[in-house]
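Just need the whole structure built from these sequences, with the hints factored in.
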Amino acid sequence: MSTVTAPATTSLLQSRAASRGRRLRNHLATGLIIGSMAVTLVPLVFLVIFVVGRGGHAFGWHFLTTDIPILDREMGGGMKAAVVGTLLITGGATAMAVPLGVLGAVYLNEYGKQSRLARFIRFLSEVMTGVPSIVMGLFIYILWTLHFKSFSGFAGSLALACLMLPIVIRTSEEMLRLVPDELREGSYALGSRKVRTIRTVVLPHAAPGVISGSLLAVARAAGETAPLLFVIGIVTDTNSNLFHGPTTALSAQIFKNAISPFVGAQDRAYGAALTLILLVFVFTALARVVTTVYARRTTAAV
Amino acid sequence: MPEARSGTATVAPVLTRPPAEQHDGTREVLPPELGERQIVFDLSDVEVRYHGVTAVQNVDLRIAAREITAFIGPSGCGKTTVLRTLNRMHDITPGAEVRGRITYHGEDLYGPRVDVAEVRRRIGMVFQKPNPFPKSIHDNVAYGPRINGHKRGDIGDRVEHALQRAALWDEVKDKLRQSALGLSGGQQQRLCIARALAVEPDVVLMDEPCSALDPIATARIEDLMQELKSDYTLVIVTHNMQQAARASDRTAFFTAEVDDAGRRVGHLVEFDATEHLFTQPSDPRTEGYITGRFG
Numbered sequence: 290m291s292t293v294t295a296p297a298t299t300s301l302l303q304s305r306a307a308s309r310g311r312r313l314r315n316h317l318a319t320g321l322i323i324g325s326m327a328v329t330l331v332p333l334v335f336l337v338i339f340v341v342g343r344g345g346h347a348f349g350w351h352f353l354t355t356d357i358p359i360l361d362r363e364m365g366g367g368m369k370a371a372v373v374g375t376l377l378i379t380g381g382a383t384a385m386a387v388p389l390g391v392l393g394a395v396y397l398n399e400y401g402k403q404s405r406l407a408r409f410i411r412f413l414s415e416v417m418t419g420v421p422s423i424v425m426g427l428f429i430y431i432l433w434t435l436h437f438k439s440f441s442g443f444a445g446s447l448a449l450a451c452l453m454l455p456i457v458i459r460t461s462e463e464m465l466r467l468v469p470d471e472l473r474e475g476s477y478a479l480g481s482r483k484v485r486t487i488r489t490v491v492l493p494h495a496a497p498g499v500i501s502g503s504l505l506a507v508a509r510a511a512g513e514t515a516p517l518l519f520v521i522g523i524v525t526d527t528n529s530n531l532f533h534g535p536t537t538a539l540s541a542q543i544f545k546n547a548i549s550p551f552v553g554a555q556d557r558a559y560g561a562a563l564t565l566i567l568l569v570f571v572f573t574a575l576a577r578v579v580t581t582v583y584a585r586r587t588t589a590a591v
Numbered sequence: 023m024p025e026a027r028s029g030t031a032t033v034a035p036v037l038t039r040p041p042a043e044q045h046d047g048t049r050e051v052l053p054p055e056l057g058e059r060q061i062v063f064d065l066s067d068v069e070v071r072y073h074g075v076t077a078v079q080n081v082d083l084r085i086a087a088r089e090i091t092a093f094i095g096p097s098g099c100g101k102t103t104v105l106r107t108l109n110r111m112h113d114i115t116p117g118a119e120v121r122g123r124i125t126y127h128g129e130d131l132y133g134p135r136v137d138v139a140e141v142r143r144r145i146g147m148v149f150q151k152p153n154p155f156p157k158s159i160h161d162n163v164a165y166g167p168r169i170n171g172h173k174r175g176d177i178g179d180r181v182e183h184a185l186q187r188a189a190l191w192d193e194v195k196d197k198l199r200q201s202a203l204g205l206s207g208g209q210q211q212r213l214c215i216a217r218a219l220a221v222e223p224d225v226v227l228m229d230e231p232c233s234a235l236d237p238i239a240t241a242r243i244e245d246l247m248q249e250l251k252s253d254y255t256l257v258i259v260t261h262n263m264q265q266a267a268r269a270s271d272r273t274a275f276f277t278a279e280v281d282d283a284g285r286r287v288g289h290l291v292e293f294d295a296t297e298h299l300f301t302q303p304s305d306p307r308t309e310g311y312i313t314g315r316f317g
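Note that the protein sequences, when read in sequence, are chains A and B.
Be aware that the first sequence starts at 290, since it is given in this note's numbering, and climbs by one per residue.
Be aware that the second sequence starts at 23, since it is given in this note's numbering, and climbs by one per residue.
These aren't lab readings, by the way, just hints derived from the structure by calculation.
Just to be clear, a hint being listed does not mean it is correct.
Claimed, not checked - SDA-like mimics (lysine to any residue), calculated; alpha carbons at most 25 Å apart, straight line:
#1 A:K369 with A:A384
#2 A:K483 with B:D224
#3 A:K483 with B:A139
#4 B:K151 with A:D470
#5 B:K151 with B:Q264
To be verified - If you anchor each label on the Cβ, the simulated ranges turn out as follows:
#6 B:N80 with A:I410: 38 to 44 Å
#7 B:N80 with A:Y400: 30 to 36 Å
#8 A:L432 with B:K197: 55 to 61 Å
#9 B:V75 with A:Y400: 23 to 29 Å
#10 A:Y583 with B:G117: 33 to 39 Å
#11 B:I61 with A:T581: 50 to 56 Å
#12 A:E463 with B:V280: 39 to 45 Å
#13 A:Y400 with B:D179: 32 to 38 Å
Beta carbons are placed, not taken as given, at the ideal position from N, Cα and C, and that holds for glycine.
Structural data, given as structure tokens:
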């Protein structure tokens, strides 16, 4: 009967006049965010393409299991000595830095808190983060290598451990701080003592973060060159003894081979670079997997 | 007849609670001296300071065995602070300091040779916010027995028994291995009660155990408290006057007043049998609070 007037012209739900400027700002901000992400990604993507492109043909199982040729001009060959060296040196550094760092963080967050000693240790740890890695290398060179008059992988481990320690302390302390006090109180209220509470409630709760922080420190240390330069010797044969005799590492081999005038050595440098990137990637991925699996097991409803 | 009744009560005051029907349908109104009941806690002139600033003072109070004692009062009056003196929870609060004397079964709770872990094992606590550990339901309840050195075979029974006492067993018996964080808030709080019961405490302190729960979950916890008081001494802090009136045998009313320096200091106003305190409060401030005029 009567005509129904269509309300199309003035909708209640559409926003009004001011919205044009806001929409514009919204688009602008979104564009800037996407742009920043692209800028961040570009170097990473190009780096991966470049390293895979130049080192890809050298890389393979053969590359990982063949010794480094003695002569730089030789073509082919592998990086076995460097892979073994990197794994041993980094492993040794991890075995020292992670337990010490986690225990240090436990002291700082659970015992020392804001006491004078704790604040002093925290300050020293921050200073240690800022020490250039080559200085750490020199420090170990003077303290260890000169004293024992011999290169060894272990000296490299010591230098890397010095680098990792402040990172592990800081990330672990941060993770321990995130453990809610209600859980500590709940444990104390059941007659649990402090050490027991830390061991059975605080550390398991913080474990995913502590583990991933530690593995990131491992990844960072695995790529360090400067601290190793003076202390491990940088040789070409495989040395499976961490504590005795000169050895080598991927980062050191990249440095040594890349400055060589020979194509064979340069290829091996790119191969070693690719190996190192893959190794770091594996550590990082491992950190992620461990964290998620652990988090799922302890916190989520199954 | 009344003589005879109190006579039987003195024989074993710890283990027996006179059945309700003995009181001819009316609830007993015990004098503040607590009759013949065994005294669990005796607080005299207790004061708690945080970083040198008094939070609550002049607390004199005796808590009897196998009863529910409620602490009520407005926010900031120190009722939780007083509750936490009873299992020495303030030991882990930085800057907290407890003065005065508190005895537990006649023993000085803050004596030099007292083992704090043993204190907390005997005097359990349930917190305002349910705080299950991020572990399985089973492991939450087994935590206490484990740290107290019980053997593996024994623990399963203890877990089941504690969950049954906390009226949670039927709901969780098929998912003991699942994370406790998957339970609802009310279930989590009952799990925390089960966790406290699993170490076989003598006293259970509850710090606003229902404030984070809905009315149905609250009713379940209140029912549970009534069941538990035959075996345990319960002390609850509550914001909720109705809860204190419904659930407790004795009520302590706290309030805070501004001192000369302009700081709010809590203190105990009145402590009496719940029925008495809610029907004939002797202090005008108590009356004001329970009738809703302030607080």
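Each hint, compared with the structure:
| no. | hint | in the structure |
| --- | --- | --- |
| 1 | A:K369 with A:A384 | holds, 22 Å |
| 2 | A:K483 with B:D224 | holds, 22 Å |
| 3 | A:K483 with B:A139 | holds, 9 Å |
| 4 | B:K151 with A:D470 | holds, 11 Å |
| 5 | B:K151 with B:Q264 | holds, 20 Å |
| 6 | B:N80 with A:I410: 38 to 44 Å | holds, 42 Å |
| 7 | B:N80 with A:Y400: 30 to 36 Å | holds, 35 Å |
| 8 | A:L432 with B:K197: 55 to 61 Å | holds, 56 Å |
| 9 | B:V75 with A:Y400: 23 to 29 Å | holds, 25 Å |
| 10 | A:Y583 with B:G117: 33 to 39 Å | holds, 35 Å |
| 11 | B:I61 with A:T581: 50 to 56 Å | holds, 53 Å |
| 12 | A:E463 with B:V280: 39 to 45 Å | holds, 40 Å |
| 13 | A:Y400 with B:D179: 32 to 38 Å | holds, 37 Å |
Consistency note: the structure conflicts with none of the earlier hints.
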